[in-house]
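Listed below, chain by chain, are the residues.
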Amino acid sequence: MISRDEIREILREYKTIRISTLCSHSALQIFHGAKKEGFETVGICLEDRVHVYESFPLAKPDYFITTSSFDELPELTEKLRELNSIIIPHASLIAHVGVNKVLEMAIPMFGNRLSLLWESNREKQFQWLKEAGLKVPRTYSSLEDMSEEDNLFVKFHGAKGGEGYFIIKGGKLKRMVEAGEISLENVFLQEFIPGVRYYPHYFNSLIFDRVELLSMDKRVETIDESYRGWPEMFDEFRDYTVSGNIPVIIRESLLKHIISMGRKVVETSKKLFYPGIVGPFCLETIYNPKRGFFTFEISARIVAGTNLFPNGSFYSWYIFDKPMSTGRRIAYEIRLALEKGKLEEVVY
Amino acid sequence: MISRDEIREILREYKTIRISTLCSHSALQIFHGAKKEGFETVGICLEDRVHVYESFPLAKPDYFITTSSFDELPELTEKLRELNSIIIPHASLIAHVGVNKVLEMAIPMFGNRLSLLWESNREKQFQWLKEAGLKVPRTYSSLEDMSEEDNLFVKFHGAKGGEGYFIIKGGKLKRMVEAGEISLENVFLQEFIPGVRYYPHYFNSLIFDRVELLSMDKRVETIDESYRGWPEMFDEFRDYTVSGNIPVIIRESLLKHIISMGRKVVETSKKLFYPGIVGPFCLETIYNPKRGFFTFEISARIVAGTNLFPNGSFYSWYIFDKPMSTGRRIAYEIRLALEKGKLEEVVY
Amino acid sequence: MISRDEIREILREYKTIRISTLCSHSALQIFHGAKKEGFETVGICLEDRVHVYESFPLAKPDYFITTSSFDELPELTEKLRELNSIIIPHASLIAHVGVNKVLEMAIPMFGNRLSLLWESNREKQFQWLKEAGLKVPRTYSSLEDMSEEDNLFVKFHGAKGGEGYFIIKGGKLKRMVEAGEISLENVFLQEFIPGVRYYPHYFNSLIFDRVELLSMDKRVETIDESYRGWPEMFDEFRDYTVSGNIPVIIRESLLKHIISMGRKVVETSKKLFYPGIVGPFCLETIYNPKRGFFTFEISARIVAGTNLFPNGSFYSWYIFDKPMSTGRRIAYEIRLALEKGKLEEVVY
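Protein chains in written order, with the working numbering: chain A, 1 to 348; chain B, 1001 to 1348; chain C, 2001 to 2348.
It should be emphasised that the hints constitute simulated quantities derived from the structure, not laboratory data. Don't take each hint at face value.
Said to hold, decoys possible - List time: in silico DSSO-like cross-link candidates among lysine-lysine, alpha-carbon distance up to 30 angstroms:
#, chain 1, residue 1, chain 2, residue 2
1, C, LYS2256, C, LYS2322
2, C, LYS2322, A, LYS36
3, A, LYS36, C, LYS2036
4, A, LYS322, C, LYS2035
5, B, LYS1124, B, LYS1155
6, B, LYS1130, B, LYS1155
7, A, LYS135, A, LYS270
8, C, LYS2256, A, LYS101
9, A, LYS36, B, LYS1290
10, B, LYS1035, B, LYS1322
11, C, LYS2270, C, LYS2256
12, C, LYS2155, B, LYS1290
13, A, LYS322, B, LYS1035
14, A, LYS79, A, LYS124
15, A, LYS79, C, LYS2256
16, C, LYS2035, C, LYS2015
17, B, LYS1035, C, LYS2322
18, B, LYS1342, B, LYS1322
Unchecked claim - Pairwise CB distance ranges, derived in the manner of DEER restraints:
#, chain 1, residue 1, chain 2, residue 2, range
19, C, LYS2256, B, PRO1057, 33 to 43 angstroms
20, A, GLU123, B, GLU1232, 46 to 56 angstroms
21, A, GLU267, B, GLY1098, 52 to 62 angstroms
22, B, PHE1156, A, GLU339, 35 to 45 angstroms
23, C, GLU2054, A, ARG122, 39 to 49 angstroms
24, B, ASP1209, C, ALA2106, 40 to 50 angstroms
25, B, PHE1234, C, LYS2264, 54 to 64 angstroms
Claimed, not checked - Partial chain A-side listing against chain C, Cβ under 10 angstroms, derived:
#, residue
26, SER24
27, HIS51
28, PRO57
29, LYS60
30, ASP62
31, LYS155
32, ILE167
33, GLY170
34, TYR227
35, GLU236
36, PHE237
37, LEU308
38, ASP321
39, SER325
These numbers were taken from a predicted model, which means no experiment stands behind them. Yeah, the Cβ is synthetic: ideal placement off N, Cα and C, and Gly gets one too.
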């Protein structure tokens, strides 16, 4: 992984900072927010998607770097540096380029790139969440662990966007394994928690030294329409691919937990990978009224659910008296850091 | 219950009105709205929740009155009076303090506190709704009333937030009662209506002499994720605890009914407890295309679903040309009442 | 159908343009938007709905033309012309007046009234969508077409708002037909696609020569609450009547398809009925992660889902730096056309 010093050296050559990201995931929001904060923007864009970004004049990057393949990454990096770009990482950048190559990218990145390393590895994620004191769904490493009646969520390693995930009773899974229909080596077994999913969007600000709750959503997966079919069709709906998001707000009395969880995750990250998580992150939670919150994942960067709120959310309006998306919040943090001479702290 | 005259006397001593509420439920919105209308704010806050309200600078009360227990209510009341507070009642205040103590509170309260008395009692609620001519789900008082095929919603008296509620066929319930598995004395039996839930948020303005439709939501309960599990897991999801809200808009052709229902409820309240309901209220409705709207509950004060709209809603923008939440609407009514010398009419 | 020349003649007599629509469907949004763009407004209103529009001062038409029946259409038309009205068509206008009478209306109409002709006929719709290269669900015209295991969506001709629609396996339907329980002559048979429904709201601007994506929603039907009942109650919930809408955003990587589909539909419409679709339209789509997007319907005018966004949406903010609803967008296009002397192009 490229060192912080190397990045600092690049940054010192920069004159007029531009904000850049890969044209996908939450790029519209990132460009729109950056423009609102007075930055020029640079979009790394697959050729067949330029028309998408041209359709949104106020979120269209000022500069396009088009490519037909992410194998040309070194060349792209050079262009990005020429344009004095700070890159904003998101899930599509990681998916397209690969986390290892992202970590190597010789380009200043908003936040702490170590957080991408920690989120990319399921075991590291759980270590992080557990050390922070968050309740996580029970995981199973062998058949002996599970009872006949346990509710399991079976996730395939490396599956894209929830593909093939399924839920099953412990007993039935045992019999599948014994019959050789599935191998435990290929799967990650988690307790299935009945409850409501809430995805709070946080922002850890080094400039203000505080964790902000900016918005919240619920992800829409194919299974979310399964009740419209028959029971026998359930398998065709049993697909956890996230294709959209809806806004959802949580009971105000539960914010106590939501905010504490965000703070604990930040505090722990400082110990695990100094200076810890910087900027946006999301906890994927399930709320069960009897058992409380379970966190089954952490996204240590901007999440797509924030796209719902380019004009601010039911939480951001209590923090900022202007429309504040997570995309704009990132640019705002960069602008404040620049003004205070602290850019090197919020970039790596 | 404290008399209107006693409250008026307290109010006459007040110099600079401050707006206060218990830090829970919809307090962020209430404080934020009050600040927008130029009021200072006072938060009665459990010690472990102060950090929540400090996380939202624009919705943080100017004064905190912290407490570890609501048994110290008389002392709190004195502090509230010292700060010239008008208190905004909400469901968490009622839940924590108890409706009888709330009605006794020697502190000016926005609205008509008699409406809290009427909403706190299921029989009074149904009397109110029926006299207003609203359709309510059928209720059952004995086994003789119900047929084998009736769809019933069984609610336990005093259950918090929908705990333990369940649906059942009439025949099956009869057999449970006969087998001594459940006693009809502990439950409230309602017809279960298939349909879509809509929760319109109204505001009855004495100043403008009109009923406003400010916003609308659908509540999120654990059961709303039940289709994600198996049929055999249904019982673990069968929990009607409300943990969140999503925005929902209704067909414009149905607004005719929504608005009429709101007006009728207000008109009837004037006869039942003069001057009737003042300020925000909500009707909990089910819409069935063949049978129309059923109202299964009334909340005679601000509801948490309004929290979705601190920056205005798809209805409020047609009434006000600035972001108007229900929280801000309350403060706006108080400000106008002050300016017109009518404060005593909107407070009790 | 009235000719374009006749409409132009009427238009040339107009002095101060007013914007008019039937008081239903999306009228609040249309009036509100027109007022924001500086137009006076005219509402054609059933007498028992005037109170609805009076409840929203900023969306209340400046002039009401009240009626108790749409049989008096010629008289209404005269009044509309006297008030120099341009009428905005929507689904309730078409439902109340009938598409043929709407096409005959001697009143300038925003957009191209030919698009209403094309959307009113299922076969024309499918011809349009297929020529545009959009994937549509398979349709079945005879029992021979279908296999035992096919998933079918059965829609009755002329059914209002989804009434009576149901889903069924091919084999079971065959047996119903053979037993004489249903006649294929009365129904339209479509493949039932498992997936998530997305309803993108587009606007084809002649003035800017571009297709804009203004917002997106998901419709709420009675069946969307069916998981709250028992399996045996499913039939009572099996009702596809749309009664509301919720906001939903789609993954940014899928916008590529959403935007292409909108453009193709516009391009094809130019060939099918020159100058093609003008102004707002909506594609009713299902997204299945494995099979992509299916479009099962096109609405060639404003849809009610846009009502969610009188203050702009998560897409409109990337195009316009002020709150831009579809209603306002229509008025804005008219205003720009007026300023550029192109009104005759955006009206027919």
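Now for the hints, and whether the structure bears them out:
1. C:LYS2256 <-> C:LYS2322: 25 angstroms, holds
2. C:LYS2322 <-> A:LYS36: 13 angstroms, holds
3. A:LYS36 <-> C:LYS2036: With a Cα-Cα distance of about 24 angstroms, the restraint between LYS36 of chain A and LYS2036 of chain C holds, given a limit of 30 angstroms.
4. A:LYS322 <-> C:LYS2035: 25 angstroms, holds
5. B:LYS1124 <-> B:LYS1155: 17 angstroms, holds
6. B:LYS1130 <-> B:LYS1155: Measuring from Cα to Cα gives roughly 20 angstroms; hence the hint holds.
7. A:LYS135 <-> A:LYS270: 19 angstroms, holds
8. C:LYS2256 <-> A:LYS101: 26 angstroms, holds
9. A:LYS36 <-> B:LYS1290: 49 angstroms, violated
10. B:LYS1035 <-> B:LYS1322: Between LYS1035 of chain B and LYS1322 of chain B the Cα gap is close to 14 angstroms, so the pair holds against 30 angstroms.
11. C:LYS2270 <-> C:LYS2256: Distance of about 22 angstroms is within 30 angstroms: holds.
12. C:LYS2155 <-> B:LYS1290: Given that 30 angstroms is the threshold and the Cα spacing comes to 18 angstroms, the pair holds.
13. A:LYS322 <-> B:LYS1035: 15 angstroms, holds
14. A:LYS79 <-> A:LYS124: The hint is violated at about 33 angstroms.
15. A:LYS79 <-> C:LYS2256: 25 angstroms, holds
16. C:LYS2035 <-> C:LYS2015: 17 angstroms, holds
17. B:LYS1035 <-> C:LYS2322: 25 angstroms, holds
18. B:LYS1342 <-> B:LYS1322: Status holds; Cα separation ~24 angstroms.
19. C:LYS2256 <-> B:PRO1057: 33 to 43 angstroms: 39 angstroms, holds
20. A:GLU123 <-> B:GLU1232: 46 to 56 angstroms: Violated - the Cβ-Cβ distance for GLU123 of chain A and GLU1232 of chain B, about 32 angstroms, lies outside 46 to 56 angstroms.
21. A:GLU267 <-> B:GLY1098: 52 to 62 angstroms: 38 angstroms, violated
22. B:PHE1156 <-> A:GLU339: 35 to 45 angstroms: Hint violated: Cβ distance 58 angstroms, outside 35 to 45 angstroms.
23. C:GLU2054 <-> A:ARG122: 39 to 49 angstroms: Given about 58 angstroms between the Cβ atoms, the range is violated.
24. B:ASP1209 <-> C:ALA2106: 40 to 50 angstroms: 41 angstroms, holds
25. B:PHE1234 <-> C:LYS2264: 54 to 64 angstroms: Violated, at about 44 angstroms.
26. SER24: 5 angstroms, holds
27. HIS51: Holds: closest Cβ of chain C sits about 7 angstroms from HIS51 of chain A, inside 10 angstroms.
28. PRO57: 6 angstroms, holds
29. LYS60: This hint holds: LYS60 of chain A lies near chain C, its Cβ roughly 8 angstroms from the closest one there, short of 10 angstroms.
30. ASP62: 14 angstroms, violated
31. LYS155: With a closest approach of 16 angstroms, the LYS155 of chain A hint is violated.
32. ILE167: Violated: closest Cβ of chain C sits about 15 angstroms from ILE167 of chain A, beyond 10 angstroms.
33. GLY170: 24 angstroms, violated
34. TYR227: 4 angstroms, holds
35. GLU236: 4 angstroms, holds
36. PHE237: 5 angstroms, holds
37. LEU308: Cβ of LEU308 of chain A sits 5 angstroms from chain C, so the hint holds.
38. ASP321: 16 angstroms, violated
39. SER325: 9 angstroms, holds
Hints 9, 14, 20, 21, 22, 23, 25, 30, 31, 32, 33 and 38 from the list above are not met by this structure, while the remaining hints are.
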